[in-house]
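Colleague: The lines below spell out each chain.
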Amino acid sequence: MPSPIPRPDDPAAVLRSSPLPRAGAPTVLKIVIAGGFGAGKTTAVSAVSEITPLSTEEYLTEASTDVDSLAGIEAKQTTTVAFDFGRLSLPDAPTPLELFLFGTPGQDRFVDLWYDLSRGAVGAVVLVDTRRLKSSFTPISFFEDIGLPFVVAVNQFDGAHRYHPEQVRTALELPASVPVVTCDARDPNHVAGVLLTLVDHAVNNATTSRARHAPSTTLQDA
Amino acid sequence: MTTHGRAAEESAFVRTYTLTRGRTKPRHLLGLETVLEAGLGRPGPAQAEECEEILALCRERRRSVVELAGRLGRPVTAVKVLVSDLLDADALVVPLTQSYADTGAGSGPSTQLLAALSAGLKRKWPDAVAYPQAG
Numbered sequence: 001m002p003s004p005i006p007r008p009d010d011p012a013a014v015l016r017s018s019p020l021p022r023a024g025a026p027t028v029l030k031i032v033i034a035g036g037f038g039a040g041k042t043t044a045v046s047a048v049s050e051i052t053p054l055s056t057e058e059y060l061t062e063a064s065t066d067v068d069s070l071a072g073i074e075a076k077q078t079t080t081v082a083f084d085f086g087r088l089s090l091p092d093a094p095t096p097l098e099l100f101l102f103g104t105p106g107q108d109r110f111v112d113l114w115y116d117l118s119r120g121a122v123g124a125v126v127l128v129d130t131r132r133l134k135s136s137f138t139p140i141s142f143f144e145d146i147g148l149p150f151v152v153a154v155n156q157f158d159g160a161h162r163y164h165p166e167q168v169r170t171a172l173e174l175p176a177s178v179p180v181v182t183c184d185a186r187d188p189n190h191v192a193g194v195l196l197t198l199v200d201h202a203v204n205n206a207t208t209s210r211a212r213h214a215p216s217t218t219l220q221d222a
Numbered sequence: 001m002t003t004h005g006r007a008a009e010e011s012a013f014v015r016t017y018t019l020t021r022g023r024t025k026p027r028h029l030l031g032l033e034t035v036l037e038a039g040l041g042r043p044g045p046a047q048a049e050e051c052e053e054i055l056a057l058c059r060e061r062r063r064s065v066v067e068l069a070g071r072l073g074r075p076v077t078a079v080k081v082l083v084s085d086l087l088d089a090d091a092l093v094v095p096l097t098q099s100y101a102d103t104g105a106g107s108g109p110s111t112q113l114l115a116a117l118s119a120g121l122k123r124k125w126p127d128a129v130a131y132p133q134a135g
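Chains as they are written, first to last, in our numbering: chain A, 1 to 222; chain B, 1 to 135.
For reference, chain A alone in the conformation it holds in the complex (with noise of 0.2 Å):
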């Protein structure tokens, strides 16, 4: 895995660079949906999402000669990544939010639109097919490099054999510390389980992390 390093286009700068911001809008929040190829990213996403998941599109330029199994292309300059986008506004939180979510495809030449994407971002989930579970270890092992909190979440596919999430901890190679759940990616209230789960998570890690080393920040813990 590539080592986290700092990217120029730090978002940060928006406010600074933008005229005249206008008060009032509810605080954005993100969460990223990570997983192979048919785990169920679009399907969790739309599940809670208030709009049609969207497809966005990006060009990625890489230098890497890595051939993609799936699309089978090339080595190339430009290439297209297309990732989910959902969100669903939280009017009724203490704070009103709005929760962007971002579905993304597990590939490790998309590591780039990774980092755009967990930076700032709340968490992830890995979402799991147990039918294709090394498709997994690229964004685990990503999340664990950028020291991102994340949760794995088993999707029960129908007809799949259903392994307890312990086995698939130890499939994963997965440390205690994180939580390994099962749920049915198209069920709202699952999906709702699984963001919740990874929220506890979040604020479990700022607390332990800020309770060892005061003011560090979890890219300088990783």
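Simulated from the structure, these hints should not be mistaken for lab results. Keep in mind the model is a prediction, meaning the values are calculated, not measured. Check each hint, because a few of them may be wrong.
Claimed, not checked - Taking beta-carbon pairs under 7 Å as the criterion, some of the chain B residues facing chain A (in silico): (1) S118; (2) R123; (3) Y131.
Don't be surprised by glycine CBs; every beta carbon is placed ideally from N, CA and C.
Chain B: place on chain A using the hints.
Modeller: Relative to chain A, chain B alone:
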């Protein structure tokens, strides 16, 4: 991907940069989740049709860069270039929020915001259950 697919992708790439008049870098630092509102200014003459679409969408409600790109079916970078033009013309503004951007790069949202998010999710889905913390 087939030869045809690649040709289609290349022609989409060319179309995109015709749209931005060859520009590949937005003038403003915009994140994917930067939210935009319609402002009082008017876009300059000879803007791409997409600029009108962006303004129409932002007049309905605040929209993020990523949502605009998704709705226009255009790559994020191209949309950032157009949004920069509209920001320069004050046709769009960035509303002031206390979003993650305030906390600085690299650090996540504050624990207060996380607690608010947790409460908001529970109110919206009272039947959702957070799984007990492992370990």
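Colleague: Taking the hints in turn, state whether each one holds.
Modeller: Hint check:
no.	hint	verdict
1	S118	holds (5 Å)
2	R123	holds (4 Å)
3	Y131	holds (4 Å)
When each numbered hint is compared with the structure, no violation occurs for any of them.
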